[in-house]
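Q: Start from chain A and add chain B according to the hints.
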Amino acid sequence: MSESLGTYAYFLGCITPNRYPGIEAATKKVFKEFGIETKEMVGASCCPAPGVFGSFDLHTWLPVAARNLAIAEEMELEIYVTCNGCYGSLQEADHLLKEHPKVKERVNKVLAKFGREYKGTTKVNHSIVILHDVIGLDRLKEKIKKPLDDVNVAVHYGCHFLKPSEVRGHGSSETPYILEDLIRVTGAKDVDYKDKLMCCGAGGGNRTADTLQSLEWTRQKLVNAIMAGCDCMVHPCAFCHLQLDRGQAEMNKAFGTNFNFPILFATQFIGLAMGMSQEELGLDIQTTTMPEKLLK
Amino acid sequence: MGTLYEDIVDYGGEVFGREHMETLKACVQCGKCTGGCPSGRNTALRTRKLMQMALLDLREEIFNAPELWFCTTCFTCYERCPKGVKTTDIIRTIRNLAAKEGHMSVPHRMIGVYVLKTGHAVPIGPDQMKLREKVGLDSQPPTTQKYPEYLKEVQEIFKTTGYDAMIDFDWETMNLRGMEKGGKK
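Protein sequences appear in the order of chains A and B.
Take the position in the first sequence, starting the count at 1, then add 5; the result is the number in our numbering.
Take the position in the second sequence, starting the count at 1, then add 7; the result is the number in our numbering.
Just chain A, with the same shape it has in the complex (with noise of 0.2 Å):
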């Protein structure tokens, strides 16, 4: 067993717990494998989207966001996330609150109806960056096993990591690293390829507004990277991992198309290297299937 290196409180939104629970396993274990306990948040719902009911009714989103981070608050412990929109709602829902006394103010009105307060006292983390800068590149080194030395892999960032920069604080959203030092450091190349920085095509109701039509971006998205050699696409959100794995699925009935390129969430591309099985992480139990490069 390795150090502490903390406990948080993992808020699991939906799409990671009620449809891809290999990225809630995925990210538990390898977590646990550097000390890193996890806390569940008991009465936890929807962060929510920060696309969807940020388009339908901002004054709605806020208080509903500040109820889930009032109770990891109430824990006393900081956030980690698995999704780019329980990401961008919580964090930037937090941003506003601490930026805005009378908007906490006037949520702090609502959440007193059931006795909650948000206070501001927690922190609200990406899983990949507890991976890249608690955990770090060198512990994270000494527990690979089996480096993926030949595996050529598609970043895919999503938007709500990066953007808007001012608020998350990666840097340029235009010259991202934190997946591409994360992908290296298994042993794996990470390749450059056309519009690596665009979006799935899913997120702010487009999916429901239209589902074929966000499916092409999909589309794009992925023949970009086929064309450049990639043997993988790895990515940090739950809601793009939907729309790029069970939208292969889509995509193939509607435009009768073949994909069948494989798509990991950043826990469960490292979990591989570390050795884990991917029963363990839960890539059987997905749309894509993992090729042998992946599973030697």
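Incorrect hints may have been included.
Computed footprint of chain A on chain B, listed as stretches where at least three residues anywhere in the stretch have a Cβ under 8 Å from a Cβ of chain A [what the hints assert, rightly or not]:
(1) 9-23
(2) 83-96
(3) 106-114
(4) 161-167
Residues from chain A that keep clear of chain B, each with C-beta distances beyond 12 Å, as calculated [unchecked claim]:
(5) Glu38
(6) Lys128
(7) Asn130
(8) Leu142
(9) Arg144
(10) Lys146
(11) Lys148
(12) Ala233
Hints are computed from structural coordinates only; laboratory data are not their basis.
It should be emphasised that the depicted structure is a prediction, and the values quoted were computed from it without experimental measurement.
Cβ coordinates follow ideal geometry from the N, Cα and C atoms, glycine included.
A: Structure of chain B alone, referenced to chain A:
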């Protein structure tokens, strides 16, 4: 009700701060937003046009434009705007105002139904519970869908802000009103 610009500053301002929303006035119609827009490649969405329509107070035209809903809120235009116009937050606020005036599709309103029923936009079902067990997790996460007492808190928020009325939610059937007749609006 003021002009669309005034409504954007008032409604969005209460969440983002008025100065944030007032950046709309700084738009010089350079088109950098549209140039980098991934949706614009595939859809009729033209962010520059939306900004101009908002400034020209074309309320009904903008609320009835299907492409208003084809922005994925990717924030590419927001990052690149040379004048600091907070485009994505302006679009989200315009959508809020459109939704309040009844311009909200049934599938979009249904997302609210799922949250009102379970606390989740994407709830869990029996098949997914089995998947959770397969990877060694509890069959149900400890969230609002599992605990009705916590779900009530989320429902209370929706009632307080009037979200339930906005989507025409029927608390008796726990569905959109009129859905038994195939829905409306």
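Q: Each of the hints needs a verdict: does it hold here or not?
A: Each hint tested on the structure:
1. 9-23: Coverage by chain A holds here, the residue count being 5 at a Cβ distance below 8 Å.
2. 83-96: With 4 residues closer than 8 Å to chain A, the region 83-96 of chain B meets the three-residue bar; holds.
3. 106-114: holds (count 5)
4. 161-167: holds (count 5)
5. Glu38: The claim stands: A/Glu38 keeps its Cβ more than 12 Å from every Cβ of chain B (closest is about 15 Å).
6. Lys128: Label holds. Min Cβ-Cβ 21 Å, cutoff 12 Å.
7. Asn130: Label holds. Min Cβ-Cβ 19 Å, cutoff 12 Å.
8. Leu142: Label holds. Min Cβ-Cβ 27 Å, cutoff 12 Å.
9. Arg144: holds (24 Å)
10. Lys146: About 26 Å separates A/Lys146 from the closest Cβ of chain B, which puts it past 12 Å; holds.
11. Lys148: holds (20 Å)
12. Ala233: holds (18 Å)
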